[in-house]
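Q: Now for the letters of each chain:
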Amino acid sequence: MYAEKTRWSNRNTAGLSVAPAERSAEKVAEQTAEEDRERNGMTACGDGQGSLPGHCASLAFPYVPMQDQNDRRYGQQEALREGTLFPGLNLPFRREIETRFPALNSPLSELMALDFAIDELGLYLNTHRNDEDALELFRSYVRLAKEGREKYVATYGPLLQTDLSANGGYRWLDDPWPWEKGGNH
Amino acid sequence: MFIYEKKLQYPVKIATPNPKLAAVIISQYGGPDGELGASLRYLSQRYSMPYAELKGLLTDIGTEELGHLEMIGAIVHQLTRDLSEEDIRTAGFDAYFVDHTVGVYPTAASGFPWSASSMQVKGDVIADLTEDLAAEQKARVTYDNILRLSDDPDVNDVIRFLREREIVHFQRFGEGLRLAKEKMDAKNVYYMNPSFDS
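In order, the protein sequences belong to chains A and B. Each step along the first sequence adds one to the number in this note's numbering, with nothing skipped, and position 59 is 59. Each step along the second sequence adds one to the number in this note's numbering, with nothing skipped, and position 18 is 18.
Note that these hints are calculated values from the structure, not bench results. A hint or two may mislead.
To be verified - With a cut-off of at most 25 Å between alpha-carbon atoms, the simulated BS3-like pairs for lysine-lysine come out as follows:
#, chain 1, residue 1, chain 2, residue 2
1, A, 181, B, 13
2, B, 183, B, 138
3, B, 138, B, 55
4, A, 151, B, 13
5, B, 55, A, 151
6, B, 6, A, 146
7, B, 183, B, 122
8, B, 20, A, 181
9, B, 6, A, 181
10, B, 6, B, 187
11, B, 187, B, 20
Fair warning: this is a prediction, and the values are worked out from it, not measured in the lab.
Make the full structure from the sequences, and use the hints.
A: See below:
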């Protein structure tokens, strides 16, 4: 933005030939704008910038605040139920029509919860790659999910085509598939 | 390379078939703001993303959207199980039935088939991420509307989960846009396309 600013101030310098009366009118307008900003508790941000709560930011640019590194987190089961790991991002539509399964406690849903926490933390880390705590949590979920996946596959059959079953059969084709009735237990 | 994992991201267990509701929910399979368009939009936009964070974000969210496509397919499939002669005459479902029986076809609820013209790949980081923010909001509204139309608790449970994902994705795309802006500011550029101009 500094390049932009320089160009603007050059233009202002070039415009010095304006009549004195016009210049003072410009000055009055500037002062009024500054007073307006002060009255509204906004900072004067200068050319190319505008006010956000407590900050200046570039004009003509959509702004979503960065999530803080120490935001509260749900446990993985609750995260799966809520659809997010972060209470701060949990913005439901209308509470009264929300319904949920009383308990997600099947072996598969436990694995789903761990995998979900991994997916969610992965997205978070993509935009917060230096958050060491989140990375450590991500690592511990990955370890737990690896163990959980092995246990699940040993009892209920393959999740990947390459998960080999102990009894030697080709169980990849076993019904039900995930979209079918009973495919989510 | 994509590897199929034989499980859903979130369980879909629909107790009661409801073809009329299926004919509405199909819009999130192949409608203008549905999951097919979302996954193709993000997985296609990532090639022209100049920064690692954004390549990662579009790959991971695009992949998750494919999982959501599967969940919507599962809802439609389970809502159209064991239909009676009377069920297939249900107003709102009969038009779908005549073309697709109880197959799952990517179409909008209003009848037009999925179209790439409902999405864009502009090849510019600011334009594409701004589209993605809008796309997440449009999908969120579609889920709001499904919740308005549906009183099936099994369906709403899944729809509520998918709706919340749109909000999280909106947040991450917004953060991605800010990271992109910081990187472009550091190079003292603004309205240029770092994946093309430099």
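Q: Which earlier hints turn out false for this structure, listed by number in ascending order?
A: 2, 5, 10 and 11
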